[in-house]
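Work out the full structure, taking the sequences as your base and the hints as a guide.
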Amino acid sequence: MREVISMWKNTRMIILVALSAAIYAAFLIVFKGGIPIVPGITEVRPANVFPPVFSLLFGPAGAWGSAIGNLIGDLFGGTLGVGSIFGFVGNFFLGFIPYKMWGATFGLVTKKDMSQTTNSVQKLIAFEIIALTAAAACGIIIAWYLDLARMVPFAFLAITITVNNFAAAFVLGPILLALLYPRVKRWGLVWTDIMKPEDVAPGMVKNIGAILMIVGSLGGLIVGILVASGLAGQQVYGFTGEQGQVAVWLSVLPFLVLIVIASFMLSGREQFVEEEE
Amino acid sequence: MDAEIYLDNNTFFHRLDPRTKITVFLLTFVALLLFENPLWMLPVAFLILLQMVVSGSTRNMGRIRYILIVLTVSGLVLWNLFSKGVTPLFWIFTVESFLFSIARTMLMILMISAGMILISTTRNEELVLGMIRMGMPYRVGFAISTSLRLVPTIASSTMTISQAQRSRGLDLDSGGLLERVKKFLPLLVPVFISTIRSTNIFGMALESKGFGAREKRTYYLKLEMRPADYAVLIFAILFVAASIYFFAAGYGRLPGLTRF
Chain W
90 MREVISMWKN
100 TRMIILVALS
110 AAIYAAFLIV
120 FKGGIPIVPG
130 ITEVRPANVF
140 PPVFSLLFGP
150 AGAWGSAIGN
160 LIGDLFGGTL
170 GVGSIFGFVG
180 NFFLGFIPYK
190 MWGATFGLVT
200 KKDMSQTTNS
210 VQKLIAFEII
220 ALTAAAACGI
230 IIAWYLDLAR
240 MVPFAFLAIT
250 ITVNNFAAAF
260 VLGPILLALL
270 YPRVKRWGLV
280 WTDIMKPEDV
290 APGMVKNIGA
300 ILMIVGSLGG
310 LIVGILVASG
320 LAGQQVYGFT
330 GEQGQVAVWL
340 SVLPFLVLIV
350 IASFMLSGRE
360 QFVEEEE
Chain B
76 MDAEIYLDNN
86 TFFHRLDPRT
96 KITVFLLTFV
106 ALLLFENPLW
116 MLPVAFLILL
126 QMVVSGSTRN
136 MGRIRYILIV
146 LTVSGLVLWN
156 LFSKGVTPLF
166 WIFTVESFLF
176 SIARTMLMIL
186 MISAGMILIS
196 TTRNEELVLG
206 MIRMGMPYRV
216 GFAISTSLRL
226 VPTIASSTMT
236 ISQAQRSRGL
246 DLDSGGLLER
256 VKKFLPLLVP
266 VFISTIRSTN
276 IFGMALESKG
286 FGAREKRTYY
296 LKLEMRPADY
306 AVLIFAILFV
316 AASIYFFAAG
326 YGRLPGLTRF
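Chains as they are written, first to last, in the working numbering: chain W, 90 to 366; chain B, 76 to 335.
For the record, the hints were derived by calculation from the structure and aren't laboratory data. Among these hints, one or two may not hold up.
Under the rule of at most 27 angstroms between Cα atoms (straight-line distance), these lysine-lysine pairs were calculated in the DSS-like manner [what the hints assert, rightly or not]: (1) W:K285 x W:K201; (2) W:K98 x W:K274; (3) W:K274 x W:K285; (4) W:K285 x B:K284; (5) B:K291 x W:K98; (6) W:K274 x B:K291; (7) W:K98 x B:K284; (8) B:K297 x B:K284; (9) W:K201 x W:K274; (10) B:K291 x W:K285; (11) W:K98 x B:K297; (12) W:K200 x W:K285.
Structure follows, in C-alpha cells:
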C-alpha cells in the first residue's frame, strides 16, 4: 500500500485526487434521486461507475478521490453523519481494489498488454470481476460498521450497497473506460505514467492476494448475510438474540482482515511493464 | 443548481472556531450512539435543535426534507424487522422494537442535523483549515478544499450538459433498468473530459507557486480559539462524560429487546 502514501508527494496525483473527488461528488449530488432499486429506500447511482474507472486510470489518486468524493457528496447532499466515516473507508476500497487487482486477475490481463482499458473480452471479464469484488468489499465494510454502530442492519445494507455499487459499474464501466483511456493516456495522466515503479508497493504472491481479496469481499458478504438473517451463523456459533448480532460482527471480521491482508499482498507495479517497453 | 450550503449569518455558532465545531460534531456522535431508549436521546436532540434554530440552519434542513422523510419512514419500519420485544403492539411490531426503531431513526436524523449545522455555519476553507490545524496533512487539505470549490461548478456543468442532451432527444426517464443506466453515458464522458484535461496546466500553475516545496505552508486565514470556544468545548465534554456515566450505569437500555 506504499503508493497510497507516496502519491501525496506528486502534485499531479494530488490534483487528480481533487478532480476525481469533485466529479464523483457532483454526480452523486445531481442524481441523488436516481433510479429506485427499493422504492423509497435506495436507488441506482450512475456516479458509482466512477470509482473503478478512476481507480484503473489514476491508481491511488482514484482511491482517495472516491473516498473524498463520497464524503463531499454526503456533505453537500446533507447526509453527513457517523456513517460518513466508514463511507469514506468503504469508498476508498471501492477505488483501491480495482487498480491493485488489475494485473493479478489470473491471466485475464497479460503482461503483453497491461493497458487499463477494456479492449478485449478477457479484460472485460477482468473488469467485471474486480468491480464486483470492490463493490462487495465496500458494501461489507460500511454495513459491518453501521451494524456495529447499531444504525442499519447488516443484511439489508450490505447487499444494497453492493448492488448499488456494481449496477452502474457493470453496465457503464467497460464502455466508459474504453472511451476515456485513449484520451487520458494521450495527456499522460494514467497513474503508471505519473508515478515511479519504486513508489509502488512490490506486493507478494499476487494471484493468491487476488484470491484472498475475492474471498474476503464476496465471502464476507455471503457469510454476513447468512449469519445476520439467522440462516446459519446463529446456530453454528451458538449465539442467540442480542448476541446474534455479535455473531454478525465476529463472522464478518475475519473477511475484513482478509481484505486488508490481500491489500498488502497485491501490488500494481506489474502495470509499469508497458511503459518500460 | 445551488450547491452552496454555507449560510452567511453572524450567529454565535458561526463565530465559533472550526476546530470547536468539528470537535462538538464528533462528540455529538458519541452521545447519540450510547442509548437504545429514545427518551434518553432527548437531551442531545434538544441541544441539536437549539443549535439549528440559533444558527438559522433550519433553512437548509428544508432542502433535504425528502431525504429525511425517506429515512424516517424506512427507519421506523426496518428496525422493527431486525429486532423484537416481549410486549405485543400490533402485527409483527412490539413496544420494545417500536421504541428501538424510533431511537434508531432519531439517531440518523440527529446525526444528519449535526452535520448540516456544521456545514451551514462553517465556510469550506475554514472547515479544511480547521482539519489541517487538527493534524491533517496540508496536501490532503488542499485536495479536499479544491474538490469542495469545484463541486458546484461541475454539478452546474453536469446539469447544463444534461439539459443540452435532453434537448437533443436524450430520454433519461424511460426504459428498463440497464437501458436507463446506459443513457447516462452521454453525460459522464463530457463532464469527465472537460474536468480532467486541465490537470497538467493546474499542476504547472501550482508548482510555479511553490506548492509542495516545503513540508509546512502558511495561510491567509487565521484561526483563533476564544473564551466562547473553550466554554462550548468544556460543556460538550462534560455532557458526553455524563452520558457515558449514565450508559455505564445501565440507563437508556430497553429491557426485553432482542436484536438480530
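Hints, verified against the model:
{"no.": "1", "hint": "W:K285 x W:K201", "in the structure": "holds (20 angstroms)"}
{"no.": "2", "hint": "W:K98 x W:K274", "in the structure": "holds (21 angstroms)"}
{"no.": "3", "hint": "W:K274 x W:K285", "in the structure": "holds (16 angstroms)"}
{"no.": "4", "hint": "W:K285 x B:K284", "in the structure": "holds (24 angstroms)"}
{"no.": "5", "hint": "B:K291 x W:K98", "in the structure": "holds (13 angstroms)"}
{"no.": "6", "hint": "W:K274 x B:K291", "in the structure": "violated (33 angstroms)"}
{"no.": "7", "hint": "W:K98 x B:K284", "in the structure": "holds (16 angstroms)"}
{"no.": "8", "hint": "B:K297 x B:K284", "in the structure": "holds (21 angstroms)"}
{"no.": "9", "hint": "W:K201 x W:K274", "in the structure": "holds (17 angstroms)"}
{"no.": "10", "hint": "B:K291 x W:K285", "in the structure": "holds (24 angstroms)"}
{"no.": "11", "hint": "W:K98 x B:K297", "in the structure": "holds (26 angstroms)"}
{"no.": "12", "hint": "W:K200 x W:K285", "in the structure": "holds (18 angstroms)"}
The structure fails to meet hint 6 from the earlier list, while all remaining hints are met.
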